[in-house]
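S.K.: Chain by chain, the residues run as shown.
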Amino acid sequence: MTDERAETDGGTATVGDAGQSVDYLDEEINIFKPATPFMRDNLKMIFGLFTVWLVFIFGPATASYFAPEYMFETRILGGYPLSFFLTAIVAPAAALALSAVYAWYRDKLDDKYGVSHESEGDAGTATAATDGGNQ
Amino acid sequence: MIEPILLQNGYETALDPGFKLIPALTIVAMMVLFLGVGWFFRVAAVDDLWVAGRSIGPIENGMAIGANWMSAASYLGVAALVATAGFYGLGFVVGWTTGYFILLIFMAAQFRRFGKYTAPDFVGDRFYSDRARGIAAFTTLVIAFVYAIGQGSGMGLMAQYILGLSYEAGVILFMGVTIAYVALSGMLGATKNMAIQYVILILAFTIGLYAIGWTQGWSTVLPYLEAGPQTAELIDAFNDEFAEPFAVNSFYMWIALVVSLILGTCGLPHVLVRFYTVDNERTARWSTVWGLFFICLLYWGTATYAVFGGLLYEEPAQPGAETAMTLGVEGVDSFMEMPPGDSDALVALAAQLADLPEWLVGIVAAGAVAAALATTAGLFISASSAAAHDIYTNLYKQNATQREQMIVGRTTILVIGVLVTIVALDPPALIGELVAMSFAIAACVFFPVFFLGLWWENATREGALAGMLTGIVVSFGAILNDTAIPMYTGVEGAVSAELATIVPGLASALVGVPLAFIAIIVVSLVTNDPPEDVKRLVRQCHSPKPMQRMESAEDAAADGGSPADD
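Listed in order, the protein sequences are those of chains A and B.
Counting in the numbering used here, the first sequence runs from -11 upward without gaps.
Counting in the numbering used here, the second sequence runs from 33 upward without gaps.
Isolated chain B, as found in the complex:
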C-alpha cells in the first residue's frame, strides 16, 4: 500500500501526517477506557471468555453486532470503494447490510438454541465428526487472519494522521493494545467494550458527515437524503462513471459480489458467536434487527461520504490543500483514480479537505481506530476459541481444565496477533478487498453446512465434509488465482484471466456456494442417514418451546426435550 503511493511522482498522500495533541489525547483516552472496561469485566471462566455468560440483552447485543461488524473496512473501506469504483462499490453497501436479514430469518434463533460456544462446535456436533470440526476450526483461524490484516492496515493509516507515527509503528502500537485487551478481558469485557466502541464510532462518523454537510452548505438534517444535488454535480461536472451502473464492472460481477458478501455474512464465525451471547432466541432475533439498524446508520452515510469526498478531492475547501487530482499527478485524471493511500483514508480526508478543525478530523480518525479495534477483538476471540476449545480441547485433550483452555486461548490471540501485525506492515490489497476475501471464504466453506445443517436433518457427515472441501477448493483457489500467486510471483493480473472473470477471489461464492450445496446434497443422499440423536438435535434447534439460559440443544434433545421438567 505504501509503495504505489511513493511511485507516483513523489506524491504521498493528501492527508496531513504529523502529531496532533487533541486527537492524540482523544485516542489515548479511548484506549485507556477500553483497557479499563476490559479489566473491570475481566474473566476467569470459559463461559464468560467465549459467550459472555449468555447474559447480553437485545440493544446491547445489537450495538455489539454493529461494532463487531463495522470494521475499518466499513468505516474507511466502503466509502473508498464507492468513491473509486462507483456503482460497483455500492455492491459492498448492499452486501454488507442486507445479509443480516437472511441471517435473521434462517439462522439467528436456531443458532441461539443450539447454544454451544463456537461455530466449529456446530459443525462438529451437527455432523458428528471431529474431522469436520477440525476443518471448521482451521477455516475460522484463516478467516480471522485474513480479515484482521485489513484492520491493522486501517489502524496504521489513522496513526499516521493522529500521532505522526510511521505507518508501521502505528500498526504495531494499535495491534499491541488490541491484543492486550482481548487477551485480558475475553468476550464479556469485549461485549461491554463493543457497545461503547459502537457509540464512539457511529458518533465520530456521523458528526464528521454532518459537519462537512453544514460547513459546505450541502445538507442540514438528513445528509443521506439531501446529497442528491452533490451527486448530480459529481456525475455531471466530473465523472459520470461514478454512478453509471456497470461502467466499472459488469452486471455479473456486481451480482457475484453482492451474493458473496450476503452469504459470507451468514457464514462468519465471529458474527455467529454474537447469537450465543444472548439470553434467549427472542433476544437473538431482536438484537439482529437492532444490529442491522445500527449498521445502516453508518452504511447510509458511506455513499454520502464518497460523494462529498469526491467533490472535495476535486476542489478542496481547505486553503492551500493539494490532492493528487489538483496536483495533476500522472494517471490521476479524476477523483475515481485517487491513489489507494488517499481512498482508504477518504472519510478522514474528506473532513480535512472540508477545512474542519483539526480536533474534529481527529475524532473522525479515532472512530476508525475504534472500529478496527472492535472487529479485531471479535476476530481474535473467535480464533482463540477455535484453537483452545475446538482444536485443543475437543480434538487433542478431552479433559483439558479451564485453566489450560484459557492459556491456549490467550496464547493463540498473541500468536495470531503477531502474525497479523507482520503481514499488515505490507498488506496485499485494499482494506475493503481483503475483508471481502474473508467473506468469500466464509460463504463457500461455512454457509452451505450451516444452512443445510439447520434446515435439512438428513444432511450427513460425509456430505458436510464434501461440501466444505468443495468450498475450500473454490474460494482458496480463486484467491490464489487472482491475488496471492500474482502478488508473490510478480505476474501481471491473474494466472488465468478467464477463471478470474467467472470466479473472482472477492466474490467466489456465486459459483462456490451452489457447488458446495450440490456436493452436500448428492453425497448425503448416497450415504447413511445421520443418527437419531443428531436429528433430534436439529429438531430441537427449530422447536418453539423455550429453553433454559445455559442449556444447549444437545442437552434438551437428550432428555426428551422438556427442559421445564428438570
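If we strip away everything but chain A, and leave its shape as in the complex, we get:
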C-alpha cells in the first residue's frame, strides 16, 4: 500500500508538495523498511554513499593485506607507497567529499519535499519577544 502511494506521488505530485500528504508521525521508523517516499529517497542515498565509503576506508588496508608487495612497492607522487598515500591522504579526503555530496543531496531532497529551514529567524524573534513581555 505504501509502495502504491509512493509511485502515485512520484508520478503526479508537483515538485514542492511531494511529501505533504504524509503524516510522518504515523509512519514506522525502521532502517531496512523505509515507510515514506522521503525516507526511501534518503536511505537509498545513505546506503549508496555508505558503500562507497567502505571501499575508501577499508579498501586500501584490505588490499595491502592481500597484495602487500604491490601496495608497498608501488610508489606514487615521487615516493609514497600506494598503501601509505591511500590511507593517510585519500581516505580522509574521500570521507569529506562524500559528506559534501550527502549534504548537497539532502538540500535537494528538502526542496523536492517542500521543506524550508528559512523561517527559523522569524520563530526565534517571536520567542524572544514573548520572553521579554513575561519578565
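Keep in mind the hints are simulated off the structure, nothing from the lab.
Be careful, since some hints might not be right.
As the list claims (entries may be wrong) - When the alpha-carbon atoms are kept at most 20 Å apart in a straight line, the in silico SDA-like pairs for lysine to any residue are as follows:
1. A:K32 <-> A:V103
2. B:K148 <-> B:A432
3. B:K148 <-> B:L427
4. A:K32 <-> B:F138
5. A:K32 <-> A:E16
6. B:K567 <-> A:H105
7. A:K100 <-> B:P578
8. A:K96 <-> B:P578
9. B:K567 <-> A:F20
10. B:K567 <-> A:N18
11. B:K148 <-> A:H105
12. A:K21 <-> B:Q434
13. B:K567 <-> A:A23
14. A:K21 <-> B:V231
15. B:K148 <-> B:Q434
16. B:K148 <-> A:L13
17. A:K21 <-> B:F73
Knowing the structure of chain A, use the given hints to seat chain B on it.
M.R.: Showing chain B alone in chain A's frame:
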C-alpha cells in the same frame, strides 16, 4: 611518562626545556583572550550554558566541531603514533576523520531534531527509563575523565618547553586556567572561544609544517602531496617498517582500531552536543561537512609531520642538537623507537630540530595548548551537564532551579578538573592511547543505543539497558585486562594475552558493538514494544518537516507534529 625517559641513560628529551620570552607572551596573550571572550559571553541561563541558545551557524559550528575534536591527541598524539607505529598509526588518522561521515548520514540531523541538552537526555527520553539515563550520565563522566587526562598530559609537556616549568607545574597551571574559563563562560562562551581556538591551532600547526618544508627544501605549496620523496627516503634509508602495512600490528588490529575510533566518534557525548547548539538540522548537516574539512586540514598534515619529524630525529638540522637516536641511547635504534617524551612532543620537536626560530617553535607549542584547552572545555561541559542536568535535576530533584543547576554544574567542573589534574601528573599511557580508550568506551556503550534508538522504533527500554551493560562490560573489561590492572599491579603485559589480542582496550568496539547490538535486538524482541509517544518521538526525529528553533522532538510529537500551527 616521566619515569621511562629518565630510566634510559639519563636521557631526558630532545626538546629544549626552559623559559622563552616570546612564546611565553604568546601563551599568556592567548589565555587572556580566552578568558576575555569567556567573560564577554558569560552565561546565566542553562540554555546558554549547555546549548549556546541554539544560535550557532554552520561555519562557526564547524570550527567549534574542529576545535572541540582536535585535542592534544590530534595535534601532538597522532603524529607521535604515526612516527612510532607507522602504518598502524595511520589507523588513527583514518578513524578520527572518516567517522564524521557516519555521524552525518545516520545521526547529525536527527539529534538536532531531538533537540534536548545532553546525550543522556536522549538515552533517558528515548528509552523512557531513568536507569538508562543514569548509566548514560555515569558513562559520560567516565569518558570526559579518561579523555581529559591525555589533554592535561599534553599541556604539561608544552609548558616545559614554553615556560620552563616542570611537567607537573605545567599541568596544574594550564588545567587551572581551563577550569576557570569553562566554569565562567559555559557553552556559549566556549563555542565562541572554540572558533578562535580552531583558528589558532590550525594556523600554528600549518605554519610549522610549511616552515619545516621550506627551510629543509622539502616542499613548497602542498606539503601533504609533496612529501613523497621524504617518505621514500625515510623508508629506504632508515626504516621500512614505517610504511610497510602490518609490520607493527596485524591486519585485525588495524581494522579493530579504525572501527573503534569511527564508532566512538558517533558515540561521544561532547561531539553530539555540538549538534544541539545549531539553529536547525540543515545547519547540523553542513556544520558536519565544514567540521570535517577543518579537521582534515590538520590530519592530512600529521603523516607529513611524522615523516619530517622522523628524518629530523635521525639527522637534526639544528646545530649541535642531539636526540636519543644520534646519542645512541640504548634501545633506540631507529626514530620509530624514540622515547614517549619525544614522540608525544614530536610536532614541536620537529620544528625545533629543523632549526626554526624559537618564537616559531613557541607558536607551534602554543597551538597544542589551545587544542588541549578547547577539547577539555567541551569535555568538562558535557560532564557538568551530565551531573547537573541528568543526575541532579532529572534523577534527584525534579524542580531544581536554574541557579541550583548552575551551581552543581560548576562544582562538577571543579571536581572533575582537580581529579584529572591529579591523574595527569602521572598518566598511565601515551596521549593518543588514552584518548583511544575513551573512544572505545563511547563506541561500546553509546553507539548501539544511539543508532538503534534513532533507526528502529521498536528498540525497548530493557533492550537498551542490556546493550549498555554489555558495552560497559566489554569496554571496561578490555581496559582493565591490558592497561589498568597491569599498571597498578606491576604485571608485565596483559592479564590474559589471548583476550588482549582479540579485544584490545584501545579497540574493543569491533567485538563490543556487535555484542551490544545483538543484546539490544534480542531483548527488544522479547519485551513489550515502547509506548506510542516514544515511537512518535523517534518519527519526529526523522520527519523532514521543519521545527522551531527552541522546540524539541518531544514537544512536536506531543502536539501532533505541526509546530507551525502553535
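S.K.: Hint by hint, note whether the structure agrees.
M.R.: Status of the hints after comparison with the structure:
Simply put, A:K32 and A:V103 have alpha-carbon atoms about 19 Å apart, close enough for the 20 Å limit, and the pair holds. Restraint check for B:K148 and B:A432: the C-alpha separation of about 17 Å stays at or below 20 Å, so the hint holds. A distance of roughly 16 Å separates the Cα atoms of B:K148 and B:L427; the hinted pair therefore holds under the 20 Å criterion. Distance check on the hinted pair: A:K32 and B:F138 sit about 12 Å apart at the alpha-carbon level, within 20 Å; holds.
A distance of roughly 17 Å separates the Cα atoms of A:K32 and A:E16; the hinted pair therefore holds under the 20 Å criterion. Between B:K567 and A:H105 the CA atoms are separated by roughly 24 Å; this puts the pair beyond 20 Å, and the hint is violated. At most 20 Å may separate the alpha-carbon atoms for a hinted pair to count; A:K100 and B:P578 meet this at roughly 14 Å. For the given pair, A:K96 sits about 15 Å from B:P578 by alpha-carbon distance, which is consistent with the 20 Å threshold.
A C-alpha spacing of about 16 Å is found between B:K567 and A:F20, which places the hinted pair at or below 20 Å, so the restraint holds. Restraint check for B:K567 and A:N18: satisfied, since their Cα atoms lie roughly 11 Å apart, inside the 20 Å limit. About 19 Å separates the Cα atoms of B:K148 and A:H105, which keeps this hinted pair within 20 Å; it holds. With a C-alpha separation of about 43 Å, the suggested pairing of A:K21 with B:Q434 is violated against the 20 Å cut-off.
For the hint linking B:K567 to A:A23, the alpha-carbon distance of about 14 Å falls within 20 Å, and the restraint holds. A C-alpha spacing of about 43 Å is found between A:K21 and B:V231, which places the hinted pair above 20 Å, so the restraint is violated. In summary, the hint linking B:K148 to B:Q434 is supported, as the alpha carbons are separated by about 16 Å, within the 20 Å threshold. Distance restraint check for B:K148 and A:L13: the Cα-Cα separation of roughly 19 Å lies within the 20 Å cut-off, and the hinted pair is therefore satisfied.
Distance hint between A:K21 and B:F73 is unfulfilled; the C-alpha atoms sit about 46 Å from each other, more than 20 Å.
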